[in-house]
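Chain residues, written in single-letter form:
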Amino acid sequence: MDPITIAILVGAGALGFYMAWNIGSNDVANSMATAVGAKAITFKQAVLIAGVLNFVGAVFVGSHVTETIKGNIVDPSLIHNNFHILLGFFSSLLAASIFVMLSTWKEMPVSTTHSVIGALVGFGLVESGASCINWAKLGEVASSWVLSPIVGAILAFLVFRGIVKLIFEKEKPAEAARIVGPGIIGLTIILISSSLLMKTNLGRMLNINLYEALIIAVACGITGMVVSMIALRKIKMKGNDEYDVVERMFRKLQIVTSCYVAFSHGANDVANAIGPVAGIFSIATTGILDPKAEVPTFLLAIGGLGIAMGCMTWGHKVMRTLGYRITSLTNTRGFSVDFGAATTVLIASKLGLPISTSHTVVGAVIGVGLARGLDAVDLSVIKKIIVSWLLTVPAAAGLSAVIFLILRGIVGG
Amino acid sequence: MDDRVRAPIFSTLRRKSPFEGMLEHMNKVKKCIEVLKEGLKDYYEGNFEKFSEIAKKVSKLEHEADLIKGNIRAHLPRSILMPVDKGQFQWLLREQDAILDHAENLAEMLEMRHTKIPKELKPLFIEHMEKVMETVNAMEEAMDRFKILLETSFVTKERDMVKEKIHEVHRKEWEADQIKYKLTREIYKMEKKLKPMDEYHLLKIADWVDDIADHAENVADLIRAMIAR
Numbered sequence: 003m004d005p006i007t008i009a010i011l012v013g014a015g016a017l018g019f020y021m022a023w024n025i026g027s028n029d030v031a032n033s034m035a036t037a038v039g040a041k042a043i044t045f046k047q048a049v050l051i052a053g054v055l056n057f058v059g060a061v062f063v064g065s066h067v068t069e070t071i072k073g074n075i076v077d078p079s080l081i082h083n084n085f086h087i088l089l090g091f092f093s094s095l096l097a098a099s100i101f102v103m104l105s106t107w108k109e110m111p112v113s114t115t116h117s118v119i120g121a122l123v124g125f126g127l128v129e130s131g132a133s134c135i136n137w138a139k140l141g142e143v144a145s146s147w148v149l150s151p152i153v154g155a156i157l158a159f160l161v162f163r164g165i166v167k168l169i170f171e172k173e174k175p176a177e178a179a180r181i182v183g184p185g186i187i188g189l190t191i192i193l194i195s196s197s198l199l200m201k202t203n204l205g206r207m208l209n210i211n212l213y214e215a216l217i218i219a220v221a222c223g224i225t226g227m228v229v230s231m232i233a234l235r236k237i238k239m240k241g242n243d244e245y246d247v248v249e250r251m252f253r254k255l256q257i258v259t260s261c262y263v264a265f266s267h268g269a270n271d272v273a274n275a276i277g278p279v280a281g282i283f284s285i286a287t288t289g290i291l292d293p294k295a296e297v298p299t300f301l302l303a304i305g306g307l308g309i310a311m312g313c314m315t316w317g318h319k320v321m322r323t324l325g326y327r328i329t330s331l332t333n334t335r336g337f338s339v340d341f342g343a344a345t346t347v348l349i350a351s352k353l354g355l356p357i358s359t360s361h362t363v364v365g366a367v368i369g370v371g372l373a374r375g376l377d378a379v380d381l382s383v384i385k386k387i388i389v390s391w392l393l394t395v396p397a398a399a400g401l402s403a404v405i406f407l408i409l410r411g412i413v414g415g
Numbered sequence: 533m534d535d536r537v538r539a540p541i542f543s544t545l546r547r548k549s550p551f552e553g554m555l556e557h558m559n560k561v562k563k564c565i566e567v568l569k570e571g572l573k574d575y576y577e578g579n580f581e582k583f584s585e586i587a588k589k590v591s592k593l594e595h596e597a598d599l600i601k602g603n604i605r606a607h608l609p610r611s612i613l614m615p616v617d618k619g620q621f622q623w624l625l626r627e628q629d630a631i632l633d634h635a636e637n638l639a640e641m642l643e644m645r646h647t648k649i650p651k652e653l654k655p656l657f658i659e660h661m662e663k664v665m666e667t668v669n670a671m672e673e674a675m676d677r678f679k680i681l682l683e684t685s686f687v688t689k690e691r692d693m694v695k696e697k698i699h700e701v702h703r704k705e706w707e708a709d710q711i712k713y714k715l716t717r718e719i720y721k722m723e724k725k726l727k728p729m730d731e732y733h734l735l736k737i738a739d740w741v742d743d744i745a746d747h748a749e750n751v752a753d754l755i756r757a758m759i760a761r
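Chains as they are written, first to last, in our numbering: chain A, 3 to 415; chain B, 533 to 761.
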């Protein structure tokens, strides 16, 4: 390896870590704020849960999305100069970092995902024109941006209506909650554990096939269900307000769903930081960019660590700020939002689609609002999000293109 | 970059619940009605000095409630999604405020002319006033129930309980009307004994007090409209 490549590799690692730190401090807070706002967990607990489970999600489930960013948006076979690809990934990472920093400063609801994808497209366009962009894949990713908040809204709507129908409508809501709540928790744990074991490095390492994974997941789910049933048994009826008791139960159950959010978040968002780094690493070590080559686990671990560090250093501050402002969510509502959003994000991660976690969470909140569950939801946020989509991709693309041209001019080749 | 966040979740949920504001406004109605009840008793008994103090209190409460109402309206742009019809919500707020407007009007008008209530009519006046206040109290209870209904996101059982309270408001309002008719008849019977201006004022007092019950009924009707399936 020549010194320039090594410098780029180190620089990319640092930028990737910076991106991950940014994701950890800001996006994690965004997605966990519902649980803090609903007083299901404290700031400290949120930071701890987010740190640990983002790391787990990033390392064990994060590879699908990372591969998409690394090799599927820009078709490497059409760019013949590998060094240019290397520079391109570096410029994309730099552009995305700058853009995210700017949008944080300006308090714009910009998604890190969109910045990274936009930046990659920008570099691809200036290097070898429209033909090297995998437009089909890009279209798929772009449609997932529109679909993910909608799916999040539908899932949250259904979960909340389910809670109303199965618990609130019953003669004894508290008794109903003792059965329904653990049921949903069991389902959550089945989803998490199957996503951990099926078609992942962990599954392969442990030599588990599909059926075994399913059986283990179901066993974990049932265990979780029994444990949460026992935990809920301790909650006694105080006074005669049954609805209050139900909310208190969901406060406990929301601990599990906030873990679920953190886990899914790590799985999807680690790619934003590590995707380009993985591309650079692949070229630097093997000389070519093979889209099908696996992303090394240690890179995912660096990303996961960055996210965890972000949570611990600055995330608690952001979470405190948001938690104080978001107080209108009760626990049943927060639970529905968490479940709807996290399930959507996890499915997207499994499909290799880089989506925006924060936008999905917003979709889920609107879903609960449409189910007549919230007193006031400000829908003007939809306009803000659409504007940020329309601005982020071109702006990040332009920035990345400029940086790429400058770097290519300096380093040559 | 201190304290700066990219937070779409915050933009979604930054609005304070408009229902909280409405309940605050309702609390002013509650207080105002309690105060007015004492004031009317004093007036009917002929303690006009005490009544003057209370009239000032009513006016102050009305003003405070106006501020709350303005605040709710200012923070309810088109983009807000609510679990009930926003038009009906605004209308309900207007009717709730009309209760206070009429309470204030009543207090001011009574303050302008201190009319001595004939002994024979006193029990009927008090009975009428109490029934009107009961109507308002039933409406307040309907509103409390309505808040629980919102918390459970429109459960059948709670909806039925709100409806029951609304029926109670209607029943009490009807009863108040009946007492008012009886009272009016009695006032006309005393035509010969009373000075014309006294006669007129007594008739007006019965009307003004009754207006309050009418608006309480309107509030109940709007709650009914908001909880329709």
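Everything labelled a hint here was simulated from the structure, so no lab data went into it.
Do not take every clue at face value.
Stated by the list, open to error - One-sided and incomplete, this derived list gives chain A residues near chain B with beta-carbon spacing under 8 Å:
1. Ala16
2. Phe19
3. Tyr20
4. Asn83
5. Lys174
Stated by the list, open to error - List time: in silico DSS-like cross-link candidates among lysine-lysine, alpha-carbon distance up to 30 Å:
6. B/Lys689 with B/Lys588
7. A/Lys174 with B/Lys648
8. A/Lys172 with B/Lys714
9. B/Lys679 with A/Lys238
10. A/Lys319 with B/Lys679
11. B/Lys736 with A/Lys174
12. B/Lys648 with B/Lys714
Unchecked claim - Where chain B lies over chain A, by a calculated footprint (3+ residues, C-beta under 8 Å):
13. 266–275
14. 373–380
Ideal placement from N, C-alpha and C gives every residue a C-beta, glycine not left out.
We went through each hint and held it up to the structure:
1. Ala16: With a minimum Cβ separation of about 18 Å from chain B (threshold 8 Å), the hint on alanine 16 of chain A is violated.
2. Phe19: violated (17 Å)
3. Tyr20: violated (13 Å)
4. Asn83: Asparagine 83 of chain A check fails; min Cβ-Cβ to chain B is 35 Å, beyond 8 Å.
5. Lys174: violated (11 Å)
6. B/Lys689 with B/Lys588: Measuring from Cα to Cα gives roughly 42 Å; hence the hint is violated.
7. A/Lys174 with B/Lys648: violated (56 Å)
8. A/Lys172 with B/Lys714: Distance of about 47 Å is beyond 30 Å: violated.
9. B/Lys679 with A/Lys238: holds (24 Å)
10. A/Lys319 with B/Lys679: violated (34 Å)
11. B/Lys736 with A/Lys174: violated (51 Å)
12. B/Lys648 with B/Lys714: Within the cut-off at roughly 19 Å; holds.
13. 266–275: Result for this restraint: violated, n = 0.
14. 373–380: It holds, with 8 qualifying residues against the three required.
Checked against the numbered hints given earlier, this structure breaks hints 1, 2, 3, 4, 5, 6, 7, 8, 10, 11 and 13; the rest are met.
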